[in-house]
Amino acid sequence: MKRENPFKKLGYPPKDVPTELKEKVMADVASAKLLMDMASLFTSNYKATMESLFKTKKNNNQ
Amino acid sequence: MKNKDTVLQFTDEEIVEKIVIEKNTILYATLYKRYESKVYNKCLAFVKNTNEAKELTQEVFLELFIKLHKYTGQSNFSTWLNAFTYKFCVNYLNKKRESMNGERSNNCNGNQPHLLIDVSDNSLFLMREEKLQKAMQYLSPEDKSILLLKYQDELTMNEVMALLNIDEHTFNIRLRRAKASIIEIYNRL
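Residue numbers (the working numbering), protein chains in the order written: chain X, 1 to 62; chain L, 1 to 189.
One thing to keep in mind: the hints can contain errors.
[What the hints assert, rightly or not] Derived pair list, reagent style DMTMM-like, types lysine to aspartate or glutamate, alpha-carbon separation capped at 20 Å:
| # | chain 1 | residue 1 | chain 2 | residue 2 |
| --- | --- | --- | --- | --- |
| 1 | L | 70 | L | 129 |
| 2 | L | 33 | X | 4 |
| 3 | L | 67 | L | 17 |
| 4 | L | 38 | X | 51 |
| 5 | L | 96 | L | 59 |
| 6 | L | 23 | X | 4 |
| 7 | L | 38 | X | 20 |
| 8 | X | 22 | L | 52 |
| 9 | X | 8 | L | 129 |
| 10 | L | 87 | L | 36 |
Hints were generated in silico from the structure; no laboratory data involved.
Isolated chain L, as found in the complex (with noise of 0.2 Å):
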């Protein structure tokens, strides 16, 4: 095993990679800690208490141990834990509001009326951070994810459709959607 200097110098990618090769759980660790803060904030943006976001995060640690293989280095491996976090707090919520009832959140759906408004980033910036954050609280998952990908994380679109795997296509559909649910949202607060 390496010293704790020279683990501390690799990069993420290479980490990842001996990870994967060794099923090392000491790098594990160091992935763990480079990245706990991130994780565990990302996590708290999608459930409203910290028990559930620990959970949540304790999760998402674990599937990424078991999937860190699937990481393949087309983006750096910081925006693709933060892709793989999203993806997995949208199942968890969904799962979850299925159990509860029945019924899984709204998907893409073209015919619903809101489509029809298209929101500016100039309006989307004009929001206070206060209610913007409460506003959060109230879009769907899956919303609330490409909004973050694109205005927090700035990602570009072919980056996001890339790490979503969807096309350009469902990407301007959730995105007009997304965009226009969150003004709708904020506007009745």
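Chain X extracted, bound-state conformation (with noise of 0.2 Å):
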């Protein structure tokens, strides 16, 4: 006879999750978006901006 997996029934019934628990994330994240952002200008752009500057260069010495 196969026997009921014990470890299904842990954790049950679940607990309510806190009510002020989804702001508090939802400022976390909100502050996150803005560093990750912030630091997207000086990093994701670096490239383009460095390939513009050399194709500037080039054109120049044409």
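Could you fit the two chains together into a complex? Lean on the hints.
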């Protein structure tokens, strides 16, 4: 006879999530997004900036 | 921005893709709503009180937003998030333990005597739920996470190996150790 897996019953019934948690999480996420956006100004556009700089230089040499 | 009903029809994978591209916090709130209970209750399995579980859940969701691009779609999002949460909890508890007594929890150590005991799944399934719940509190975070992935989330060996980024040998040692440990603790209670 197949026995019932007791691990499946752990943590049941699930506990309710505190309602104030969503606000805290979303505030954290908004701050993280701001930092990521600011960081991307200095990193992701760096390649394009350098490329355009060299293109200009090359054009000037012609 | 899409209207609320359209967003609700998106699959998790579609939402994740859009969040990674657009860094859209409104979509992230939708993802949070879908998984808050799951993550919070997983955290509760690792820490003793609700305040700590709350803090841990908050940190998991912040880390998730930052590392969401690491989800490559190899497994479904829900499974990946479970492993992500477990790994976060294990690291959190190890760091906490480290700061409290200056030592890390035991990792795989082939020389431990209880590794010689090979516990069958049938023996595990003989355990009573209430006593098992209590025994789980004394288990190391690493052992706890592998048991939950294998027996609560019912993932296959290959899925666990991929999610934890471990090879078959490490998986077998960890699972064997975790099973032996839980039986040992259970019998002592």
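Q: Verify the proposed pairing of residue 23/L with residue 4/X, using a straight-line Cα cut of 20 Å.
A: Measuring from Cα to Cα gives roughly 43 Å; hence the hint is violated.
Q: Assess, step by step, whether the Cα of residue 67/L is no farther than 20 Å from the Cα of residue 17/L, and give holds or violated.
A: holds (12 Å)
Q: With a cut-off of 20 Å on the C-alpha distance, tell me whether residue 87/L and residue 36/L pass.
A: Measuring from Cα to Cα gives roughly 17 Å; hence the hint holds.
Q. Has the given pair, residue 38/L with residue 20/X, been kept, meaning a C-alpha gap of at most 20 Å?
A. Holds, at about 16 Å.
**Q.** Pair hint outcome, residue 33/L versus residue 4/X [Cα-Cα no greater than 20 Å]
**A.** Distance ~31 Å between residue 33/L and residue 4/X Cα, so the pair is violated.
Q) Can the restraint linking residue 96/L and residue 59/L be considered satisfied, given a maximum Cα separation of 20 Å? A) Roughly 14 Å between the alpha carbons, so the hint for residue 96/L and residue 59/L holds.
Q.
Against the 20 Å threshold, does the CA-CA distance of residue 70/L and residue 129/L hold or violate the hint?
A. Outside the cut-off at roughly 35 Å; violated.
Q.
Given the hinted pair residue 22/X and residue 52/L, is their Cα-Cα distance within 20 Å?
A. holds (16 Å)
Q. Within a Cα-Cα threshold of 20 Å, do residue 8/X and residue 129/L meet the stated pairing?
A. holds (9 Å)
(Q) What's the verdict on residue 38/L and residue 51/X, does the C-alpha distance respect the 20 Å limit or exceed it? (A) Outside the cut-off at roughly 46 Å; violated.
Checked against the numbered hints given earlier, this structure breaks hints 1, 2, 4 and 6; the rest are met.
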